[in-house]
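Peer 1: What follows is each chain in one-letter form.
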Amino acid sequence: MGKLKGKTAIVGIGEVPTGRYHERAAIVCAIESCRQAILDAGIKKDEIDFIIPTGSMYSSPYNTEMCTSRIVEELGLARKSTANFQVFSGGSSTGNILKTAAGLIATGLAKNVLCVHSDKLATGISAQGGIDLFSTAGISAEWEVPFGMHYSAIAALTMQRFMFETGTTAEQLASVCVSNRKWAELNPNAMHRKPITVEEVMASKMLSEPLHAKESNMLADGGSAFIITSAERARDLTDKPVYLLGEGSLVTHHVFSQDTDLTRLGFVEAGQAAYKEAGLTPEDMDIAELYDSYAVYQLIALEALGLCGRGESGEYVQSGHTWPGGELPMTTNGGMLSQGHTGAGGSFAILVETVRQLMGKAGERQVPGARFAIETSTGGTYMDSHAAIFGNIIP
Amino acid sequence: MDTSTKPLPSVNSWTKPFWQGVREEKLMIQKCTECGQPIFYPRMCCPFCFSDQIEWMEASGRGRIYTYTIVRSNAPSSFIADMPFVIAVVRLEEGVQMLSNIVDCEPTAVYCEMPVEVTFEKLSDEFTLPKFRPAQA
Ligand SMILES: [Zn+2]
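Residue numbers (numbering that gives the first Met the number 0), protein chains in the order written: chain A, 0 to 394; chain B, 0 to 136.
So that you can see chain A by itself, here it is in the shape it has in the complex:
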């Protein structure tokens, strides 16, 4: 058995609808998500001993409040909780929080860890403010910002090389958005639920070639939370704990243009480590909850994680295999392309969805009989690749 396999489990999740909510403060999203997660877990709130908020990007003062234990006090955990600290690495925050929390629980240092995210990227900043924020966040001020680098261009640079090496077509990339949207149509918390076609994606505004506007994430307001505890405690609380079975990650760069394989990033190594620890193979996966700040990152993950052969992911998605009812449901909350991009919360929402599916609480979009799911996240300029495997049984 690996270091963490089957030792910890997620027992409660919470989430508020994602979208544009001018009147809804970020702290409201955070408290509401935490409250839902605690009630979902059926745990007494006073049992929460560690609180790990991740970063919020729209407001530095709000981010500081979260770092300085605002959630502890709002939930009435002052003089009860042992620790509150931030774990933040942009989009991969969830992967790193999972490592941190599971490690703390496995060593006995923590008992019940509440992890929370909220942000206000749709209404907390202007549209151009969003572009400008994401043209400096994690992009090298010495080696890239002076050349006009920004996130659409980063995704486009990744797509261009991926298409060049794998032969993936523009229509196939657009079909990823269709797949995600089909899931979002079934997700009441998603921001965009109207059906979309490949033709509509292809006809949307060209941002940085070959990236279309509808292949980009949609900045959103939102929040979510989850509670992770020991496997023993989890079995007391629920008959459907969602066990962490394996995980892996690799940091591949800080400066985007230094990455030596944009067509795989670090997902080969991350996936291998996760499968090895879980004792499972790609064929065992019932669901692929893949991080999708842009469509190309789902295709990269499908191939690098061995869920599809090299150069085959585009056709696989285009053929509908990842849709509701398909053989490998993918990113079943609609992802950041449809549910919405809430900063670090994008991957939070995907993790929460992974757990929701394995708990059997996904409603209309429930994947019947799902036992194992692989989940991914990546942060900053795709500087790191994280994969985690969850199951509602320990194989």
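It is worth saying that the hints were derived from the structure and are not from the lab. Any given hint might turn out to be false.
[To be verified] Which chain B residues face chain A? A few, computed with CB under 10 Å, are given here:
(1) Leu7
(2) Ala74
(3) Ser99
[To be verified] Pulled a few chain B residues facing chain A out of the computed Cβ check, cut under 8 Å:
(4) Phe47
(5) Thr66
(6) Asn73
(7) Leu98
[To be verified] If you want the footprint, here are the derived chain B segments under chain A, 3+ residues with CB under 8 Å:
(8) 8-16
(9) 87-97
Backbone N, C-alpha and C fix where the C-beta goes; we use that ideal spot for every residue, glycine too.
Please build the complex by placing chain B with the ligand on the supplied structure of chain A, with the hints as guidance.
Peer 2: Relative to chain A, chain B with the ligand alone:
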């Protein structure tokens, strides 16, 4: 490009020879004197063998485009007037990679693995940027 409002590079103390070099229209990279590896971007110590015995050398300025994009909309504020423009990752002959812009050609003429060579674009009295253009035959 309109250079009046462009973000200037935020320079680290040990990278000054690079920025001095481009000001003199030389593309300077580092080379480790212990393991011989070429290094870019400039580091305080060798990322391969951890030696601090690093020297500067002038790169050939020739390379190939690893990947590129034509920015057509949603650029950062100070680049909106430049659209469409090309951002590319260039792999130099020496084996190091850098981000730059492809200039002196139609954006649509750019392709992956296109041979390119360095050219220099003055941003201010203090800063010049290394850009790349299609390699001359
Ligand atoms: Zn060396």
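Peer 1: So, for every hint listed, does it hold in this structure?
Peer 2: Checked hints:
no., hint, in the structure
1, Leu7, "7 Å, holds"
2, Ala74, "6 Å, holds"
3, Ser99, "6 Å, holds"
4, Phe47, "13 Å, violated"
5, Thr66, "4 Å, holds"
6, Asn73, "5 Å, holds"
7, Leu98, "4 Å, holds"
8, 8-16, "holds (count 5)"
9, 87-97, "holds (count 4)"
Consistency with the previously given hints fails for number 4 only.
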